[in-house]
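Asker: Two independent chains are provided; combine them into the complex using the hints.
Residue numbers (our numbering), protein chains in the order written: chain E, 557 to 670; chain D, 282 to 396.
Be careful, since some hints might not be right.
Pairs of lysine-lysine residues, derived as DSSO-like cross-links and limited to a Cα-Cα distance of at most 30 Å, are as follows [as the list claims (entries may be wrong)]:
no., chain 1, residue 1, chain 2, residue 2
1, D, Lys351, D, Lys391
2, D, Lys354, E, Lys600
3, E, Lys592, D, Lys297
4, E, Lys608, D, Lys284
5, E, Lys623, E, Lys600
6, D, Lys284, E, Lys596
The hints are simulated quantities; they were obtained by calculation from the structure and are not laboratory data.
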Amino acid sequence: DTAVSQTPKYLVTQMGNDKSIKCEQNLGHDTMYWYKQDSKKFLKIMFSYNNKELIINETVPNRFSPKSPDKAHLNLHINSLELGDSAVYFCASSPRGLGYNEQFFGPGTRLTVL
Amino acid sequence: AQKITQTQPGMFVQEKEAVTLDCTYDTSDQSYGLFWYKQPSSGEMIFLIYQGSYDEQNATEGRYSLNFQKARKSANLVISASQLGDSAMYFCAMSREDSNYQLIWGAGTKLIIKP
Numbered sequence: 557d558t559a560v561s562q563t564p565k566y567l568v569t570q571m572g573n574d575k576s577i578k579c580e581q582n583l584g585h586d587t588m589y590w591y592k593q594d595s596k597k598f599l600k601i602m603f604s605y606n607n608k609e610l611i612i613n614e615t616v617p618n619r620f621s622p623k624s625p626d627k628a629h630l631n632l633h634i635n636s637l638e639l640g641d642s643a644v645y646f647c648a649s650s651p652r653g654l655g656y657n658e659q660f661f662g663p664g665t666r667l668t669v670l
Numbered sequence: 282a283q284k285i286t287q288t289q290p291g292m293f294v295q296e297k298e299a300v301t302l303d304c305t306y307d308t309s310d311q312s313y314g315l316f317w318y319k320q321p322s323s324g325e326m327i328f329l330i331y332q333g334s335y336d337e338q339n340a341t342e343g344r345y346s347l348n349f350q351k352a353r354k355s356a357n358l359v360i361s362a363s364q365l366g367d368s369a370m371y372f373c374a375m376s377r378e379d380s381n382y383q384l385i386w387g388a389g390t391k392l393i394i395k396p
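Bound-form chain D, shown alone (with noise of 0.2 Å):
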């Protein structure tokens, strides 16, 4: 069965520090997509940054960046200069096209980040 794991229920951060926040993903298939969504203590789902199986490059968003290594199954989230406003829970999410597509979700990890 297709799978997402998040590693990190919870995390503190001092604010201007980088953070990682793991996932790792379980699939057979050659061709999928990753994606991760921030949802803060408001609770609506903001998406953060995509990273396609087959994309060469790690994807780019401003701070966000996602470390894509293929070969061991993770799709980590890096989180540059953290600011206090990243305080959240953190999605990530594996889209296959055997699945119509549909968004498996990973439990997310709370990030909180201290002054």
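Only chain E is shown next, with the shape it has when bound in the complex (with noise of 0.2 Å):
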């Protein structure tokens, strides 16, 4: 069983379109995030949410949204598309809420913008 999923592994689209990225874990986890790997291999932390609830909210564009519908999904819609968005973005999920928890990750989802 897939513990974190996203959704597109690959999503390639034209600068300007609104697109969105779905991920889910199916571990009971009351903690998720949102990274974006750039092509240097640095990970950046954009969002957290416990419980729903955003707790992390670094400096992203206001064009980055998450949503968490409930506490098993976290999806991010990006929208008017820019060429500096291309990245490879990670949903994460941590357990027992706040705390030094590993991180579980998805298989990433690879942005490229054309």
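Answerer: Structural data, given as structure tokens:
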């Protein structure tokens, strides 16, 4: 069984379009995250939700909006895509709410903006 | 500012040898957590090992061990008896209570195991 799943795995789109990436975890975890990994492999936290509440919102453009319909889902919607948004986006989850918990990552979504 | 430094951008190691991947961190906190993750070429992020700042013993998980030297603020990952499948990017990360336990990541080390 897949623990943290993301769809789609690959996303190729034109500048200016709006797209969404979906994330689901079946681990019963309380906290979910979105990360962006750039071409140099640097990982940057974007958002974190704990029990559907936003707890971390790093400096990302307003064009990025997370949505958590329930504890098991955290979707990422991106408006007006730009070339610089091309990256791999990872969803992750961790158990037991806030704390020094390992994070379980999804397979990543490779977004290419043309 | 809190920071994680991985000074080795890349390493080549002969199969079956042990390898140490360096990680130093900068924090004034007394309580924090340290993590290592592996990212193979397939792209997924795999949790390897965790060390709490108050843990007295170094963490071990199979062939992985964490050489935690608190006074030096280092948390090096040691892989014993390396295998070809260990070739991957390795990331060190730190979690702090003051930042809602979010992970601060190092830049990673690319490890290549030679047959």
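Asker: Could you tell me which of the numbered hints above are not met by this structure, giving the numbers in increasing order?
Answerer: 3
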